[in-house]
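I would like the entire structure built from these sequences, with the hints used as guidance.
These protein sequence lines map, in sequence, to chains S and D.
At position 391 of the first sequence (counting the first as 1) the number is 397 in the numbering used here, and the numbers step up by one without a gap.
At position 80 of the second sequence (counting the first as 1) the number is 200 in the numbering used here, and the numbers step up by one without a gap.
Hints are supplied without guarantee of correctness; some may be wrong.
Below are the DSSO-like pairs computed for lysine-lysine, each with C-alpha atoms no more than 27 Å apart in a straight line [unchecked claim]:
(1) S:K295 x S:K148
(2) D:K277 x S:K236
(3) S:K307 x D:K139
(4) D:K139 x S:K236
(5) D:K139 x S:K352
No wet-lab data here; the hints were simulated from the structure.
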Amino acid sequence: MVKVYVPCDSTALSLGANRTADAIVAEAKKRGLTIELVRNGSRGLFWLEPMVEVATEKGRVAYAPVQPNDVPSLFEANFLAGGAHPLNLGLTEELTWLKKQQRLTFARVGITDPISLEDYLAHDGYNGLKNALKLSGAEIVKAVTDSGLRGRGGAAFPTGIKWNTVLGCQADQKYIVCNADEGDSGTYSDRMVMEDDPYVLIEGMTIAAVAVGATQGYIYLRSEYPHALKTLNEAIGRAEKAGYLGQNICGSSHTFKLEVRRAAGAYVCGEETSLLESLEGKRGLVRFKPPLPAIEGLFGKPTVVNNVISFATVPIILDKGAQFYANYGMGRSRGTLPIQLAGNLKQTGLVELAFGTTLRELLYDFGGGSATGKPIRAVQVGGPLGAYLPESQFDTPLDYEEFTKIWAVVGHGGIVAFDDTVDMAKMARYAFEFCAIESCGKCTPCRIGSTRGVEVIDKITSGKDHAKNITLVRDLSDTMLNGSLCAMGGMTPYPVLSALNHFPQDFGLPENSKAG
Amino acid sequence: MALSTQQATKIAAHIEQHKSRPGALLPMLHAIQDDVGYVPEEAYLPISKALALSVAEVHGVVTFYHHFRRHPAGKHILQVCRAESCQAMGSEKLEANIKANLDIDYHQTTEDGAITLEPVYCLGNCACSPAVMMDGEVYGRMDAEKVAALIKEARSK
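Below is the structure:
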């Protein structure tokens, strides 16, 4: 029976993948043909979704983008045997966009049926856990440390060091918490992992549990991801049944129970201490640090809190070895980063590459330039708290330290492009507005500063006491940067000041007037 | 507005089902809103009793999170993404158009009770901006016409 793949990833669904799948099934029935429809994850070439693939002797052949009204002509062209058609893109594996990538964390994404445990096992799934079960906790932690993996949520703190702290704590209960509150605009790699390869996250969290001696895990999932919720719950149920979760996992003495908890639309709950408060059933107010969550985390117990991508990268490290992973990357940024191309780009999607690639390559080679055909004027990297970069900085390599040097952040790897119609004063205003909406309210610089910031930008753009208010917005930003309790208020000045510094003309200042 | 007996029974059942879980309040509130459509103020007292909290603490949690509604919503929920990626693809114009089309602002419901309009800050569909969500389903590469069609379809259901 011919296998036909139509993605079930929510971006593919948002472009009508279900209708395409229905049309294929109906057309096959009409023609008396039997096919096996597989709802795979997305390959991440989102500008080509819905992408249909057919398994042929030579490999999987891609047809994209396929709308329901294309389906009859695909059958006419004998697409079930990889026949020629205007939408035929050739072998999926040979697509330049995919071939140029280094997919480690995303090795299976788009290839397998996300909820099929058999498929996961057939594609190297659970090899990492099997190796981990032969090691001591300290040895697992050492492998993660040696791989150079740093927190992919954005803070880039070395994952192994965090785990080591939890490992070293004596406690009757320890927790593994996955931060799946992916709220940054321009990011969707967590969502893709959870919808398109959920077992890799489950495996990564299980390895963490085995390493530090935790028995309970929670995935704190944002409420805006209903498909991820469904997929994760299904996968957790199947993993439990097969003995990969619960008591005596894989016949070992380890116990690990895992549960998904829905967030409730507060951006600040992506901050780890606020997340823990929320998991405990409270308002998501940021906690003072210390104590670190690794020592006093969820319900006051030692807790590993990591992002989805950090956990999802652990299985391949334990499978192929720390050195294999560390061989990718540059400087102190080891391994790969799943980069998400978004906003005004022709070719948007998921690009996993070793650290070190430049923004220019990503925006033009992968992204194909702007969707509107106009020049790309600014890009925001790392979500709503990330800096705006002008064209003169597009040659900066994607690397945590290189970005720090230009007062920018890599963050969670989201890249949002804007064409030359963007008004950067408006974007700066929006950054303050967003902070005002999402501030947890615990510290004054963030709670009050964000609202004052909106007012000051309004005064600047309306020309009221212009010079005075430019000074004031810099002063306010300084207070927020240095006086806020967490990154919400502490990093809002990044988009604001980068917009002001790189695009002064949008604020009524002469071009090249850095001082303002 | 007093609760109907049916609503009160549903809420009591959700409280009973979730009260023993660690960190029970959010799962409980989700269950109530999923079922009843919002979190009625009348639920605060029984929740507070079940979890040994004050009514003020329950109120504090409900009001902290954007997701929880304190009033009944329309038959359908339309969420429009306001975040940067969607802005880069013209969501501001789209927002204005939707508001004009429905003749309501955010957090309001159309006069016929069909559509409640809510802002949302990222749906994770940034590769196909601008995006909206209607009753939990995401739609990408939206324009005024496509959203109008979605609204029409929802109203006909």
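Tested hints:
no., hint, result
1, S:K295 x S:K148, "26 Å, holds"
2, D:K277 x S:K236, "24 Å, holds"
3, S:K307 x D:K139, "21 Å, holds"
4, D:K139 x S:K236, "23 Å, holds"
5, D:K139 x S:K352, "49 Å, violated"
The structure does not agree with numbered hint 5 stated previously, though it agrees with all others.
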